[in-house]
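Per the UniProt record's numbering, the sequence shown starts with residue 1, numbered consecutively.
Derived BS3-like pairs: lysine-lysine, alpha-carbon spacing no greater than 27 Å straight-line:
id : residue 1 : residue 2
1  : Lys20     : Lys91
2  : Lys182    : Lys237
3  : Lys179    : Lys270
4  : Lys90     : Lys270
5  : Lys37     : Lys191
6  : Lys179    : Lys269
Simulated from the structure, these hints should not be mistaken for lab results.
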Amino acid sequence: MKTFNFPPDFTPTFGHPESKEWVYGRTVVPLAKFWMKYVQRLEVFIEHAERIPTEGPAMIAVNHTGYWDFVYGGIPAHFHGGRLVRYMAKKEIFDTPVAGQIMRGCRHIPVDRAAGAESAREAVRRLKAGELVGIFPEATISRSFEIKELREGAARIAHEANAPLIPLILWGSQRVWTKGHKSVWRPKDAKIVMYVGEPVEVTADATATTERLHTAMKELLETARATYVERFGEMPKGEYWVPASMGGTAPTLEDATVQDRRDAENRKKKRTEDNARRAVEEAKNRAELEKASGVKKLLIQAKQRLRSMRNK
Numbered sequence: 001m002k003t004f005n006f007p008p009d010f011t012p013t014f015g016h017p018e019s020k021e022w023v024y025g026r027t028v029v030p031l032a033k034f035w036m037k038y039v040q041r042l043e044v045f046i047e048h049a050e051r052i053p054t055e056g057p058a059m060i061a062v063n064h065t066g067y068w069d070f071v072y073g074g075i076p077a078h079f080h081g082g083r084l085v086r087y088m089a090k091k092e093i094f095d096t097p098v099a100g101q102i103m104r105g106c107r108h109i110p111v112d113r114a115a116g117a118e119s120a121r122e123a124v125r126r127l128k129a130g131e132l133v134g135i136f137p138e139a140t141i142s143r144s145f146e147i148k149e150l151r152e153g154a155a156r157i158a159h160e161a162n163a164p165l166i167p168l169i170l171w172g173s174q175r176v177w178t179k180g181h182k183s184v185w186r187p188k189d190a191k192i193v194m195y196v197g198e199p200v201e202v203t204a205d206a207t208a209t210t211e212r213l214h215t216a217m218k219e220l221l222e223t224a225r226a227t228y229v230e231r232f233g234e235m236p237k238g239e240y241w242v243p244a245s246m247g248g249t250a251p252t253l254e255d256a257t258v259q260d261r262r263d264a265e266n267r268k269k270k271r272t273e274d275n276a277r278r279a280v281e282e283a284k285n286r287a288e289l290e291k292a293s294g295v296k297k298l299l300i301q302a303k304q305r306l307r308s309m310r311n312k
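When you get a sec, could you build the whole thing from the sequences and use the hints?
Written as structure tokens, this is what we have:
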């Protein structure tokens, strides 16, 4: 069994200076390849990796069906020049002790869902510096495993940075670990098909660009699924990782959209409650400090810092 498979006319190339970065290029990438080969025992089939530029910037728009997508989505770039993809990812990941250090070490870009302007500016800066930036334009995992509504951030960033916008489709990663299901360390006979698309036309009209991207990603997804069926046979009926449109038990796109909206409302409500609680706590801390002095004030400050660290 070969882990990484390409068409006969494709020859992997390496050597970009990015590949020599200690954390990402020399540590994370080799470990990820080892994990996929010897632990997950995956077979990955990559089509049109040559569409990832070996030099210069590109915004890579990846569909999102599983928690490992940020790893799998970097494979085409790795094998075509030894490039590294800097992903835009929710800031909560950066706030965790171990994963956060890795994300920062790889120079990924934190995104605050409540205020994403700064992360967009940073993505533009990275692209203008000639880097590859990865983005999940669906924002969250698609429970239906279809292409859901896209946000316009990818189109706006690519236009401002004058960078190509390249769609990338993964099919099969949901079998490894997806929303609502446990992670499978060694999924049986798991295959992943990847298709890199042609760059989408980018204009100042972000809505029109996003529509073109959505169409391209849907078409690539259909192609990836057809390739999967052609090579490995029909997808099993009644499986959670198979879309409803193909006889699986995954929710329909419409049902998944309803659940996504409900989740978004719950997140917004929680943010509001957390902000209110934090404001009360900060006011209480200020009042406590104003009444204290000397050593007692220093002790109160230390106690407040510890309390703040526990609450994160």
